[in-house]
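Protein chains in written order, with our numbering: chain Z, 1 to 489; chain W, 1 to 487.
No lab work stands behind these hints: they were computed from the structure. A portion of the hints provided could be inaccurate.
Said to hold, decoys possible - List time: in silico DSS-like cross-link candidates among lysine-lysine, alpha-carbon distance up to 27 Å: (1) Z:Lys377 - W:Lys82; (2) Z:Lys356 - W:Lys468; (3) W:Lys270 - Z:Lys337; (4) Z:Lys380 - W:Lys130; (5) W:Lys307 - W:Lys347; (6) Z:Lys337 - W:Lys130; (7) Z:Lys304 - Z:Lys259.
Please read all numbers here as calculations on a predicted model, not as lab measurements.
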Amino acid sequence: MSDHQFVEMSAVQIAAGVRSGAFSAVEVVSAHLSQIANHEGEVRSFVTQMGDRALAGAKAVDEKRARGEELGALAGVPVALKDNMAYRGVETTCSSKILKGWIPPYTATVIERLESAGAIAIGKTNLDEFAMGSSTENSAFSPTRNPIDLSRVPGGSSGGSAASVAARFAPIAIGSDTGGSIRQPASLCGIVGVKPTYGLVSRYGLIAFASSLDQIGPFARSVEDSSLVLDVISGHDDRDSTSLSSKSYSHQPLNGEVKGLRIGVITEMLDGLSPDVERALNQAIESLRALGAIVEEVSVPAAKFGLTAYYLIAPAEASSNLARFDGVRYGVRVEGKDMNETYELTRGQGFGPEVKRRIMLGTYALSAGYYDALYGKAQKVRTLIANDFDAAYGRFDALISATSPTVAFEFDSKSDPLSMYMSDVCTIPSNLAGHPAMSVPFAGDEDGLPIGIQVLAPSFGEGVMFKVAAALEAAADYRPVPQWASTGK
Amino acid sequence: MSLKDKYLITVGLEVHTELRTKTKLFCGCANQFGAEPNTNICPVCLGLPGSLPVVNRKAVEYAMRIGTALNCEIKHSVFHRKNYFYPDMPKDYQVTQYDEPTCINGYIELPITGKIVNIVRAHIEEDTGKSTHIGTSGRITGADYSLVDYNRSGIPLVEIVSAPDMVSGEEAREYVSELRSILVATGATDGKMEEGSLRVDANVSVRQVGTDELGTRCEIKNLNSLRSLVRAITYEARRQMEIVEEGGKVTQETRHWNEDLGRTSSLRSKEEAYDYRYFPEPDLSPLDPTTEEIEAIKANLGTLPPKRRATLVELIGGTPTKSEIEQIQTAINFGLDELILAGIDRKVPAKLSLARCANEVAGLITNLDSSYVVPSHKILEVLVKESIGELTPTQSKTVLARVVEDGGVDVSALIAELGFVAASSGEMDQLVDEIISESPSEWERYVSGEDQLAGFFIGKAMKKSGGKANGKLVSKSLNDRRSQLQG
Ligand SMILES: [Zn+2]
Chain Z
1 MSDHQFVEMS
11 AVQIAAGVRS
21 GAFSAVEVVS
31 AHLSQIANHE
41 GEVRSFVTQM
51 GDRALAGAKA
61 VDEKRARGEE
71 LGALAGVPVA
81 LKDNMAYRGV
91 ETTCSSKILK
101 GWIPPYTATV
111 IERLESAGAI
121 AIGKTNLDEF
131 AMGSSTENSA
141 FSPTRNPIDL
151 SRVPGGSSGG
161 SAASVAARFA
171 PIAIGSDTGG
181 SIRQPASLCG
191 IVGVKPTYGL
201 VSRYGLIAFA
211 SSLDQIGPFA
221 RSVEDSSLVL
231 DVISGHDDRD
241 STSLSSKSYS
251 HQPLNGEVKG
261 LRIGVITEML
271 DGLSPDVERA
281 LNQAIESLRA
291 LGAIVEEVSV
301 PAAKFGLTAY
311 YLIAPAEASS
321 NLARFDGVRY
331 GVRVEGKDMN
341 ETYELTRGQG
351 FGPEVKRRIM
361 LGTYALSAGY
371 YDALYGKAQK
381 VRTLIANDFD
391 AAYGRFDALI
401 SATSPTVAFE
411 FDSKSDPLSM
421 YMSDVCTIPS
431 NLAGHPAMSV
441 PFAGDEDGLP
451 IGIQVLAPSF
461 GEGVMFKVAA
471 ALEAAADYRP
481 VPQWASTGK
Chain W
1 MSLKDKYLIT
11 VGLEVHTELR
21 TKTKLFCGCA
31 NQFGAEPNTN
41 ICPVCLGLPG
51 SLPVVNRKAV
61 EYAMRIGTAL
71 NCEIKHSVFH
81 RKNYFYPDMP
91 KDYQVTQYDE
101 PTCINGYIEL
111 PITGKIVNIV
121 RAHIEEDTGK
131 STHIGTSGRI
141 TGADYSLVDY
151 NRSGIPLVEI
161 VSAPDMVSGE
171 EAREYVSELR
181 SILVATGATD
191 GKMEEGSLRV
201 DANVSVRQVG
211 TDELGTRCEI
221 KNLNSLRSLV
231 RAITYEARRQ
241 MEIVEEGGKV
251 TQETRHWNED
261 LGRTSSLRSK
271 EEAYDYRYFP
281 EPDLSPLDPT
291 TEEIEAIKAN
301 LGTLPPKRRA
311 TLVELIGGTP
321 TKSEIEQIQT
331 AINFGLDELI
341 LAGIDRKVPA
351 KLSLARCANE
361 VAGLITNLDS
371 SYVVPSHKIL
381 EVLVKESIGE
391 LTPTQSKTVL
401 ARVVEDGGVD
411 VSALIAELGF
421 VAASSGEMDQ
431 LVDEIISESP
441 SEWERYVSGE
451 DQLAGFFIGK
461 AMKKSGGKAN
471 GKLVSKSLND
481 RRSQLQG
């Protein structure tokens, strides 16, 4: 089998082949490593590559098979990991200068679960510093390029993970989604990205941006792969008090059967869409109707306050979560004349401008005299949003919207923070409500740039969410390929 | 008019007590005093990026025990983050409870004065690491460098906040002493001030007699003993009185107690006070104790010091003196009240047991380590012997010292070894005969009713026997002879 065939395979196909012995994990991993060697220079999806470890891991899987031992659901499947998850012995940076050189002494629960299912970590991927951003341009090291069009951003903050899957560096990747950081880059890179129900996947080892919103989820090139990965990483973890005790997700074969399902189109998310995105959403609605679903518009009134509430809650939590990066125990330290100056210089030089902006916003939102009017009120809005979604789910099985108002944009085109924040206007409300949502690639714009459709479901409604996504995936006649493949390079 | 008569002092205390759980509040590291620096640490209590807290259920149970023992209501509670930068706080925020603490609205009754001191709240929080500042100042300002030991980071604490109900350093001392005694009795803490497992901050203000409005308060930190507590409050109240007396205004601030200088000094003013930006800790769920859990804690709390004190007061009879109350308090603190009760069945007077337990046994136990088990049976054996006159008080104290030191010792053998064998009745008669014949005029006076001369004869007997005579037996023998003469 050729390298090209391996890198085009799904995770399901790879695991089946490795388990049956049709090919080895070493062959699979080698093919992906050579794809990385060929194209990482253009894409720059990784902060740290883990080639040697990956080959050793693949060899271990093959040996396990040779000994006749049972192999896991992701045997031999390469996986790219967002560089905000701790991996014992491997530098973990959050794409920030302040953490440069930090080597965690422990491994995140999701990574342990992936590895025990046989997955092979091939690298730590680039992100907007501390997951704050929507383009991966806020990485302290280098922007990542969108493999579908290298002149454009991959979205963010999990841009490196999304790009690595779109570039065929790995069939699956792991990201974190605080306000759309999995779904928006998935949409811009033409792949599937899932933000599960809050509490379904352990956050232990995920370097927190906004603890009450952060959720880890998978990227894949198919809905089925993303469902399989969620099965592996979900479930209770004693080390995360917010992980739910009894719930876990079980992967089922997906048939995309949506006949009779009631699907709402969120009216508050129809404004401000680019014409191509609006056209794609309408096509999606028609496709679902054609498959027998009942599709109607539904209002989730409080959703329009989502962005405002988010930009108080997330920075507030971040201002506290990021306090520990003070130069005392790890990472970068810039010595000052006393303790306070050391703090100031370390944080002044260690953090980038977007991180500083959000720390200041959040500090202000929590300050004495402002708490009630800002943070307190934002929490009330959050409750309203959850209530409005629940009301909508009283009438609908699932909801849909565009994932991102636009397709992938060019570098440096959104220098104004507010216009960048608008990229997440459709994705933020699900984080505030704690509900699951995913993006599935559905169409291309005039230039072939990917457009994703967002499918939303009530808490623990991943089953129906994947069903609708699978129907859209099947209905789509759009398969984005990397720029080098489409131009025959 | 002296300052003391002109001003009233108001004191409220914040007492931090370490819980004696096996592990820390949010991780599995050992909760242990005195280990090598930075050996009881993990990603969680070091606040490493990505780590998350998980609440130690035992710590919550202990906090609920404390609240119940302090007559508090046990409530739904929420952890908050208290944000400020300091090197010994690895996350640069402390997880604590803010406006919804686990325990609220309790009280304790002071043993000597019977005064009620209200408890505003008792909440759960994590301890910080411990900084050592190297340099002449001993403080972080001006230090050459600082070392941090994170073993203490994440150790569970309960902070008990009193209402400003106390009026002097002495009363504060009585409160802390009683509080400590209750805390120890709940089993939630060892209450060792010297190891820092009980730490006190005092809020002190003064106002002129006749005014109702409380004066501006100062918070005093670093009170590591009951002695420091009394001294610091007394000093601080005096300082504030002098300021007001000279027409000045007390500045609200946090002050540091310097034990060596016997002074408080400004640590930071109200303007410099941190804005802690409290908000609910998103990594933890609220605590919702069920009625069953609360009832179970009540049921298993055992008998607490106030009740135990009442039992002992009843046993010794009459209105107890201040020193007896202090003896009772000491006996309870060392868990010796059971022994005193057991003594009653063996006809040992409660007053005798109490005096020996509080003055001898407790004093000796303080010097021994925490794994020490009191040899109650052996102590009781000694007390029985003393009460029936087989041992003199002096001998009894000597034997008790040896028994407390080594609980395995055989009491009778020890007494023999020390030569504390009571004289036989034949020897006793001979001795008494001799002292009577040597002092016939004193004997006559004694026979005619001058009881106080018994002491004279006992002294003589002691001298003659080289201290081995038993005063009680001599006294009995004298009395018997007199009765025979009179009979
Ligand atoms: Zn620990």
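Q) Which of the listed hints are broken here? A) 2, 4 and 7
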